[in-house]
Amino acid sequence: MAGFKKKESREMPEMNTSSLPDLIFTILFFFMIVTTMREVTLKVKFTVPSGTELEKLTKKSAVSYIYVGPPTDALRAQLGSSTRIQLNDRFAEPREVMDFVAQERQGMTNQAEQIISIKADSRTQMGIITDIKEVLRKSWALRINYSATRRN
Amino acid sequence: MGKKKKKVPALNSSSTADISFILLIFFLVTTSMDTDSGLSRRLPQPPDKEQEDAQIDVKERNVLNVRLNAAGALMCNSDIIDVNLLCDRAKEFIANPNDLSTLPEKHAKTIDLLGNCYVTDKHVISVQTDRGTPYEVYFQVQNELVRAYNELRDELAKSKFGRPYEALTDEQKVAVRAYYPQKISEAEPKTYGGTK
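Protein chains in written order, with the numbering used here: chain A, 4 to 155; chain B, 3 to 198.
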């Protein structure tokens, strides 16, 4: 059979990787746009309850978070293990929620759509939650969301 | 100096990919992709001074009292029941399918798209908690009550429009919501037994 050349020392042509950085940058920008920075460092620990009738919080810019739970293990030595409220980066009392809501509302473009997401530990007692709700009512932040995980 | 054009050596850009990879991974770690989900509720408006004085009279048959004590036990009107049974109990209460005299009264109401209906629009589900009630129990109760409404709305949507509630148009949703208005009231917490 003719037509077969004698094997030369052929080299694999190198793949052109000059567009690889651009590719990765594109993915990077995609992630930067669709995700949000973790809001705060958590000082309380909580496991939210699980439910079936959940709705997704889509407009993240209109959501403010209130964390309720016992202090994290690292802080327990100083603060004890009783349930605390965390607003932004610090612990707060229920009455401070009003200032927090007003402050959060200031920075929003669509203030009427403000939603307060309550991320509370499932073992919290209702007393503290009720206090928060009362303050939220007084500060006209009526749309709230009890944060939860989906259960089937 | 020679006039010969000097060739600028090309910058080795093979590490740019690595750098951008590191950036990418950094963002993956520090951001959260998960869309938060939760049970959406609407709080009642803050009470006015006049409103506080004028108590709204609600007939006993129109109220479903759901009480939670500090131990997390659930009482529905006068029975102690399990949380799992609350949904059916609430559905029966809201819909009053057999027009019983112990369940909410029905009123004739004209709703767009649905025509004349008899609806129990005066019903109220009152959830009362103790300061010591675990949040978990309270959340499950809220979840079951919302589920009762969602299931009823779904059933109505399927029988009238042949589609589940979520697939309806906005006008149809409004009609279904008018048929089954969500009325969950939350009373001030009381201390039933438990720690004072």
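Please keep in mind that the hints were generated in silico from the structure rather than gathered at the bench. Keep in mind that this is a model prediction, so the values were computed, not measured. Accuracy of the hints is not assured; some may be wrong.
[As the list claims (entries may be wrong)] Some residues of chain B that are not near chain A, with every Cβ distance over 10 Å (derived):
(1) Asp38
(2) Gly40
(3) Ser42
(4) Arg44
(5) Asn79
(6) Ser80
(7) Leu87
(8) Arg91
(9) Lys108
(10) Lys111
(11) Leu116
(12) Thr131
(13) Asp132
(14) Gln142
(15) Ala169
(16) Leu170
[Unchecked claim] Here are the simulated DSS-like cross-link-like pairs (lysine-lysine), alpha carbons at most 30 Å apart as the crow flies:
(17) B/Lys6 <-> B/Lys93
(18) A/Lys141 <-> A/Lys48
(19) B/Lys162 <-> B/Lys124
(20) B/Lys160 <-> B/Lys111
(21) A/Lys62 <-> A/Lys48
(22) A/Lys141 <-> B/Lys124
(23) B/Lys160 <-> B/Lys175
(24) B/Lys111 <-> B/Lys61
(25) A/Lys59 <-> B/Lys160
(26) B/Lys61 <-> A/Lys141
(27) B/Lys175 <-> B/Lys162
(28) A/Lys59 <-> B/Lys175
(29) A/Lys62 <-> B/Lys185
(30) B/Lys8 <-> B/Lys61
(31) B/Lys175 <-> A/Lys62
(32) B/Lys185 <-> A/Lys141
(33) A/Lys59 <-> B/Lys61
(34) A/Lys141 <-> A/Lys63
(35) A/Lys48 <-> A/Lys63
(36) B/Lys93 <-> A/Lys59
(37) B/Lys9 <-> A/Lys59
(38) B/Lys175 <-> A/Lys63
(39) B/Lys124 <-> B/Lys111
(40) B/Lys162 <-> B/Lys108
Positions of the beta carbon are idealized from the N, C-alpha and C atoms, including for glycine.
Consistency of the hints with the structure:
{"no.": "1", "hint": "Asp38", "result": "violated, 4 Å"}
{"no.": "2", "hint": "Gly40", "result": "violated, 4 Å"}
{"no.": "3", "hint": "Ser42", "result": "violated, 5 Å"}
{"no.": "4", "hint": "Arg44", "result": "violated, 6 Å"}
{"no.": "5", "hint": "Asn79", "result": "holds, 20 Å"}
{"no.": "6", "hint": "Ser80", "result": "holds, 22 Å"}
{"no.": "7", "hint": "Leu87", "result": "holds, 15 Å"}
{"no.": "8", "hint": "Arg91", "result": "holds, 16 Å"}
{"no.": "9", "hint": "Lys108", "result": "holds, 26 Å"}
{"no.": "10", "hint": "Lys111", "result": "holds, 26 Å"}
{"no.": "11", "hint": "Leu116", "result": "holds, 23 Å"}
{"no.": "12", "hint": "Thr131", "result": "violated, 5 Å"}
{"no.": "13", "hint": "Asp132", "result": "violated, 7 Å"}
{"no.": "14", "hint": "Gln142", "result": "violated, 7 Å"}
{"no.": "15", "hint": "Ala169", "result": "holds, 16 Å"}
{"no.": "16", "hint": "Leu170", "result": "holds, 16 Å"}
{"no.": "17", "hint": "B/Lys6 <-> B/Lys93", "result": "violated, 91 Å"}
{"no.": "18", "hint": "A/Lys141 <-> A/Lys48", "result": "holds, 27 Å"}
{"no.": "19", "hint": "B/Lys162 <-> B/Lys124", "result": "holds, 23 Å"}
{"no.": "20", "hint": "B/Lys160 <-> B/Lys111", "result": "holds, 20 Å"}
{"no.": "21", "hint": "A/Lys62 <-> A/Lys48", "result": "holds, 25 Å"}
{"no.": "22", "hint": "A/Lys141 <-> B/Lys124", "result": "holds, 26 Å"}
{"no.": "23", "hint": "B/Lys160 <-> B/Lys175", "result": "holds, 12 Å"}
{"no.": "24", "hint": "B/Lys111 <-> B/Lys61", "result": "holds, 19 Å"}
{"no.": "25", "hint": "A/Lys59 <-> B/Lys160", "result": "holds, 24 Å"}
{"no.": "26", "hint": "B/Lys61 <-> A/Lys141", "result": "holds, 28 Å"}
{"no.": "27", "hint": "B/Lys175 <-> B/Lys162", "result": "holds, 11 Å"}
{"no.": "28", "hint": "A/Lys59 <-> B/Lys175", "result": "holds, 18 Å"}
{"no.": "29", "hint": "A/Lys62 <-> B/Lys185", "result": "holds, 25 Å"}
{"no.": "30", "hint": "B/Lys8 <-> B/Lys61", "result": "violated, 96 Å"}
{"no.": "31", "hint": "B/Lys175 <-> A/Lys62", "result": "holds, 22 Å"}
{"no.": "32", "hint": "B/Lys185 <-> A/Lys141", "result": "holds, 20 Å"}
{"no.": "33", "hint": "A/Lys59 <-> B/Lys61", "result": "violated, 36 Å"}
{"no.": "34", "hint": "A/Lys141 <-> A/Lys63", "result": "holds, 23 Å"}
{"no.": "35", "hint": "A/Lys48 <-> A/Lys63", "result": "holds, 22 Å"}
{"no.": "36", "hint": "B/Lys93 <-> A/Lys59", "result": "holds, 24 Å"}
{"no.": "37", "hint": "B/Lys9 <-> A/Lys59", "result": "violated, 58 Å"}
{"no.": "38", "hint": "B/Lys175 <-> A/Lys63", "result": "holds, 25 Å"}
{"no.": "39", "hint": "B/Lys124 <-> B/Lys111", "result": "holds, 12 Å"}
{"no.": "40", "hint": "B/Lys162 <-> B/Lys108", "result": "holds, 19 Å"}
In summary, the numbered hints that this structure violates are 1, 2, 3, 4, 12, 13, 14, 17, 30, 33, 37.
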